[in-house]
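Asker: Make a model of the complete structure from these sequences and hints.
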Amino acid sequence: MSRSVVVIASAFVVLVGALVLLARTDSPRPRSFDGGTNGSGGSPDETSTIVLFCAASNRAVMESIRGEYESEFDRHVQIQYGASQTLLSSIEVSESGDLYLPADDSYLALANDKSLVAETIPIATMNAVVAVTRGNPKSIQSLDDLLRDEVRLVQASPDVTAIGKVTREALGKTNDWRRLDAATTAYRTTVTDVANDLLAGAADAGIVYDAVLHTYPELEAVRLPELASINSKIAIGVIASTKQSHAALHFARYVASRDRGQLHYAKHGFETTLGDVWSDVPELSVFAGSMLRPAIDETIASFEQRESVRVSRVYNGCGILVAQMKAGQIPDAYFACDTEFMNQVPDLFPEPINVSQNELVILVQKGNPHQPASLRDLGKPGLRVGIGHEKQCAMGWITQNTFREGGVQTEVMANVTVQTPTGDMLVNQLLTGSLDAAVVYLSNAAGAGDQLDAIQIRGLQCSVAIQPFAISPTSPHAQTASRLFAAITASESQENFLAEGFRWELR
Amino acid sequence: MKPIRRRSDKPFFLVMGGISASFVVLIVLLLAADVLFTSSQDFADALGKPEIRAAFWLTMLTCTVAAIMSVFVATPLGYLLARFEFPGRRIIDVLVDIPIVLPPLVLGLSLLILFHLPIGPTQWKLETWLRDDVGFPVTYRWPAIVLAQFSVACAFAVRTMRVTFDQINPRAEDVARTLGCTRGQAFMLVALPQAWRGIVAAGTIAWARALGEFGPILVFAGATRMRTEVLSTTVFLELSVGELDAAVAVSLIMVLMAIVVLILLRSLRLGLST
Chain A
0 MSRSVVVIAS AFVVLVGALV LLARTDSPRP RSFDGGTNGS GGSPDETSTI
50 VLFCAASNRA VMESIRGEYE SEFDRHVQIQ YGASQTLLSS IEVSESGDLY
100 LPADDSYLAL ANDKSLVAET IPIATMNAVV AVTRGNPKSI QSLDDLLRDE
150 VRLVQASPDV TAIGKVTREA LGKTNDWRRL DAATTAYRTT VTDVANDLLA
200 GAADAGIVYD AVLHTYPELE AVRLPELASI NSKIAIGVIA STKQSHAALH
250 FARYVASRDR GQLHYAKHGF ETTLGDVWSD VPELSVFAGS MLRPAIDETI
300 ASFEQRESVR VSRVYNGCGI LVAQMKAGQI PDAYFACDTE FMNQVPDLFP
350 EPINVSQNEL VILVQKGNPH QPASLRDLGK PGLRVGIGHE KQCAMGWITQ
400 NTFREGGVQT EVMANVTVQT PTGDMLVNQL LTGSLDAAVV YLSNAAGAGD
450 QLDAIQIRGL QCSVAIQPFA ISPTSPHAQT ASRLFAAITA SESQENFLAE
500 GFRWELR
Chain B
0 MKPIRRRSDK PFFLVMGGIS ASFVVLIVLL LAADVLFTSS QDFADALGKP
50 EIRAAFWLTM LTCTVAAIMS VFVATPLGYL LARFEFPGRR IIDVLVDIPI
100 VLPPLVLGLS LLILFHLPIG PTQWKLETWL RDDVGFPVTY RWPAIVLAQF
150 SVACAFAVRT MRVTFDQINP RAEDVARTLG CTRGQAFMLV ALPQAWRGIV
200 AAGTIAWARA LGEFGPILVF AGATRMRTEV LSTTVFLELS VGELDAAVAV
250 SLIMVLMAIV VLILLRSLRL GLST
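So the protein lines, in turn, are chains A and B. Heads up: the first sequence begins at 0 in numbering that gives the first Met the number 0, then just goes up one per residue. Heads up: the second sequence begins at 0 in numbering that gives the first Met the number 0, then just goes up one per residue.
None of the hints are false.
Keeping only pairs whose Cα atoms sit at most 27 Å apart, straight-line, the calculated DSS-like set for lysine-lysine is:
no., chain 1, residue 1, chain 2, residue 2
1, A, K365, A, K379
2, A, K164, A, K137
3, A, K164, A, K113
4, B, K124, A, K242
5, A, K164, A, K232
6, B, K124, A, K113
7, A, K266, B, K48
8, A, K172, A, K232
9, A, K113, A, K232
In case anyone wonders, no lab produced these hints; they're calculated from the structure.
Answerer: The structure is reproduced here in structure tokens:
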């Protein structure tokens, strides 16, 4: 046997041995995920590991969160660290992974533009400061100090980093950016490179995020008024192609919750946003006007399934809902039939957003046997008319306004045989023949188009109701409610609204 | 006859030595700066971390696999390029150099794209097939590290083997064939024993190249602690959070690893040459 064969065989044995050892290093822990206790949306994929693409700058805080999460839930989180843009490219090409946590939310905006991220949950805020070595040997106290010849200023590139970009945008409004640009010794590709330059003694000052300095005890922050308004946000995004949304959102909620992940972020020098209170399976309560049920119920059910949360819906006349809220039942979110009924609880819901419109119509039986063609015709003797209750629902309140504006209130009210808290009841009574006409929302008629006809009320702007949505600022699950709002205003949900006779108001 | 006055050789050695020393001194200074920047405590802390110990062993194993695979591939390829004219030879000669000139991140991205490119009407993907049908996923696992290291290391090994076989006179192999050897026997019994020094050199270069590989690994294999984190990615991760001490300590560990392996391979080369 020649020496060549012996050496080749030996190399082959070493190769096989090394491969066997490598295979033994790669034994992912099989773990089961049982976060979806409502049983919806379970799939075999939920037994696998959660994969998080995480900016390397968040490694320290994420490792501590991961450790706590894994010990609390006995579930595994696999974290790929790297530069935010590199990670984004990997997600785009490989279409893999469950979560993405970049160095700042500008990368999430990029990911969102490419439809790579489905949900985004805010975690913390970082502010721009000037970093100097501890003791501030160059006595930097103002922006002008950064322009001194003996100060070596290093910045993060405004073309490839978020802090560089927001600094240029903020200071570009004045002449400050041009002066700072001229005084900058070098631009670096990451904010940590700037801090490392200071640490290595290659620079005297650099503009960085305050949170970055937490891991640099040798450096200190100098806060300048010109930089006070410059900040960026940290947020975690759920990758759109994830096959385990329950598990991904479970960990994302954990990271962003005020009494779990955000505690770690605060400890690492980040300024946290107000996160949700942690709950394994959060329960949201939503009050919504009855007329909204057909437009939103399917969306809410899908939301429950994707997020593995429970949403308690209370559909009723808005007057009744307002009375419940004034009696102390405060929901996490409130979707009113009209702004009038949102305006009655301004303290509970100070920031409503108008979402949709719905118009009043006169609903009659197919073929219009009694032939009312306008509001005035509802006053014809002998006609049995049903309307919403003025105090119990927005529809009734708007109906009365419309009657008044139309100058027919006295005549029509004489024919009103029933006032109900919801439009559905009036539709049912029309279908059973106990009413000849009803004044309801167009959306109430959407499900009975083959048996009923709708007659438009013309020339009265007050016959149009606007539906606002608001989240309670005291809600312990405000972020989850925000994601529900995002789901309700998504394009698929808009189609539901249009199909149910609503018009879209939100711009 | 006037005796020729022999001039001193000192200026020659001074100039040559001075130029040569500039590079050697630079390397020594770099290492000295690293050593001065860190401390024995930093070393102890670095080696005490289970993540770094795992990265150390993963680096050793993947570099070894990549280097051996590189030599296995580079030896026949270098031999064919050196000995034979065949259609497409020039193109292949250029192609094998591409991983050397390609920016590292681009190589990693290319590997990632290759494994996730949808092909044909069924949108067939190599990674999906490997994962679902073969049961051997590559991306973001150790095979991705080996493949990323191999892609670059093999190019260097091929170049080395090509030069090695270029420098070996083919006459001995021709004589062996006239005495009845097949081409295979001539290669195994005549060419290969003469190429041992080159093979060991190719293995050395491939191993060293794999050790320093970073960009393609980060993109194709990720940097998951205890799973796909090799020492070069450890340095990146430590730098990312401002742990310069740890980054320098790990860098010096890599230098020590390289020195030990290079000495071992040089010893092997000397042993095979005798």
